[in-house]
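Colleague: Protein chains in written order, with this note's numbering: chain A, 816 to 982; chain B, 75 to 313.
Worth flagging that the hints you see were computed from the coordinates, not collected in a lab.
Don't take each hint at face value.
[What the hints assert, rightly or not] Here chain A is said to cover these stretches of chain B; the calculated rule only asks that three of the stretch's residues, wherever they fall, bring their Cβ under 8 Å from a Cβ of chain A:
hint : region
1    : 83-89
2    : 209-221
[To be verified] Some residues of chain A that are not near chain B, with every Cβ distance over 10 Å (derived):
hint : residue
3    : Gly954
4    : Ala958
5    : Ala969
Because the structure is a prediction, the values reported are computed rather than measured.
Yeah, the Cβ is synthetic: ideal placement off N, Cα and C, and Gly gets one too.
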Amino acid sequence: MTSSVPDFDAFYVATRQRMFSCLYALTGNAAEAQDVVHEAYARAWQRWSQVSGYDDPEAWVRTVARRIAVSGWRRTRNRLVAQRRHGPPPPVPGPDPDAVALVAALAQLPVDQRTAIVLHHLNDLPVADVARETGVPVGTVKARLSRGRRALAALLAIDDLAEDRHA
Amino acid sequence: MPETLVTLFEQLRTLAPPAPFAPPSEVRRRGRRRTYRRGLAAGGVALAVGAIGVTPALVTGGPSPRPTPPPTPTSAPPSRPVGVLIEPSDLGPGAWERFTAEMIENAHRWPSGGFCDYDGADYPSLAHQDDVTTVAWKTDTVTVAQAVERYTAGWGARSLDDVRAVLAMCDAAGTGTRWTVEDGDFVGDGSILVREEQAGPVVRYFVFVRVGDRVATVSVYGAGADYARTVAARAVARL
Chain A
816 MTSSVPDFDA
826 FYVATRQRMF
836 SCLYALTGNA
846 AEAQDVVHEA
856 YARAWQRWSQ
866 VSGYDDPEAW
876 VRTVARRIAV
886 SGWRRTRNRL
896 VAQRRHGPPP
906 PVPGPDPDAV
916 ALVAALAQLP
926 VDQRTAIVLH
936 HLNDLPVADV
946 ARETGVPVGT
956 VKARLSRGRR
966 ALAALLAIDD
976 LAEDRHA
Chain B
75 MPETLVTLFE
85 QLRTLAPPAP
95 FAPPSEVRRR
105 GRRRTYRRGL
115 AAGGVALAVG
125 AIGVTPALVT
135 GGPSPRPTPP
145 PTPTSAPPSR
155 PVGVLIEPSD
165 LGPGAWERFT
175 AEMIENAHRW
185 PSGGFCDYDG
195 ADYPSLAHQD
205 DVTTVAWKTD
215 TVTVAQAVER
225 YTAGWGARSL
235 DDVRAVLAMC
245 DAAGTGTRWT
255 VEDGDFVGDG
265 SILVREEQAG
275 PVVRYFVFVR
285 VGDRVATVSV
295 YGAGADYART
305 VAARAVARL
């Protein structure tokens with residue numbers, strides 16, 4: 816990638832929906848997730864000459880977004896900023912009760928299991944990539960996926976959440 | 075992949091945000107405003123982002139570009155370390171490569187996703203955290219990650235108290251993963267050495283060190299307690 820406005824704009828448009836879905840699944844708050852996404856891309860633009868040269872710029876943005884999202888004080892600030900920009904968060908982000916239920920269930924998982932589940936099952940990252948992005952061994956990721964899926968099954972009353980053959 | 079999860083996540087993938095996405099021009103403008111604000115703050119506290127030669131890439135924790143040859147390792151710490159984050163020269167010989175470690179780049183700081191059923195309320199000191207910067211390095215066999223936090227005056231010590239309280243709670247809860255405090259107050263103004271053992275066994279060490287109201291958390295995977303102590307001492311020298 817080159818350091819250019821069209822390249823950044825194209826990258827942003829092509830990846831922002833996926834980024835929003837990821838952050839919404841991680842934070843449980845759609846308005847906050849959207850603000851976090853915008854902030855992460857703003858930081859990517861600050862460093863576009865660097866980020867555009869990475870093997871996976873989207874992974875960089877996603878990592879930055881996740882870090883912003885789980886930061887305690889930023890969560891509070893962004894919630895306030897998001898409310899000023901968008902109004903208070905709606906009780907549901909859209910007419911999709913299943914998505915809301917999934918997000919609510921994810922919110923009850925420990926953050927490491929939630930992150931592994933979202934990166935692997937929502938972002939379709941292979942387990943090895945999840946391990947690399949989260950900086951833990953592959954075995955740890957597999958354990959988190961296994962525990963997370965079991966917990967989701969219980970929370971969502973699903974009985975066919977078998978072990979992922981590829982994990 | 076389990077069909078039920080596929081269906082559920084598919085719905086999530088296409089969920090519209092609550093408001094239209096900002097146009098690219100607005101995102102770029104926001105980025106420029108951040109650059110301007112950082113320029114204003116650059117003369118602030120020593121731990122501020124971008125100070126003392128710490129590059130933005132180190133501060134934000136982005137994935138490293140194509141690895142460049144590692145710096146020449148040194149056998150002794152620099153006499154006057156520059157920058158609060160550990161560097162390959164602090165870690166000993168090896169082809170150290172920078173990477174993004176989500177486990178440590180988290181304001182809640184706990185790489186294992188929390189001790190017991192993690193709850194931010196277990197760490198009252200976090201509300202008084204003013205700044206945090208992170209870095210992670212790895213070779214083929216060893217991973218070292220660090221978070222350096224700056225707390226409001228008087229809250230650095232409380233940060234370590236919160237850690238001790240959570241550790242005591244987890245020991246009692248029987249989570250299946252064991253966290254053992256192996257040593258304390260061996261460096262800096264306060265310190266804790268913790269051994270984490272998961273099924274496998276998979277062992278990691280965490281060292282929490284404090285100098286004033288600055289707290290460094292170092293996690294080490296693939297090396298032993300003595301190495302963790304050595305890296306902790308190097309971290310203290312930079313605080």
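Colleague: Evaluate each hint against the coordinates.
Modeller: To see whether the hints hold, each was checked on the structure:
1. 83-89: Result for this restraint: holds, n = 6.
2. 209-221: holds (count 4)
3. Gly954: 7 Å, violated
4. Ala958: About 7 Å separates alanine 958 of chain A from the closest Cβ of chain B, which leaves it inside 10 Å; violated.
5. Ala969: Label holds. Min Cβ-Cβ 13 Å, cutoff 10 Å.
Hint compliance for this structure: hints 3, 4 are not met, and every other hint is.
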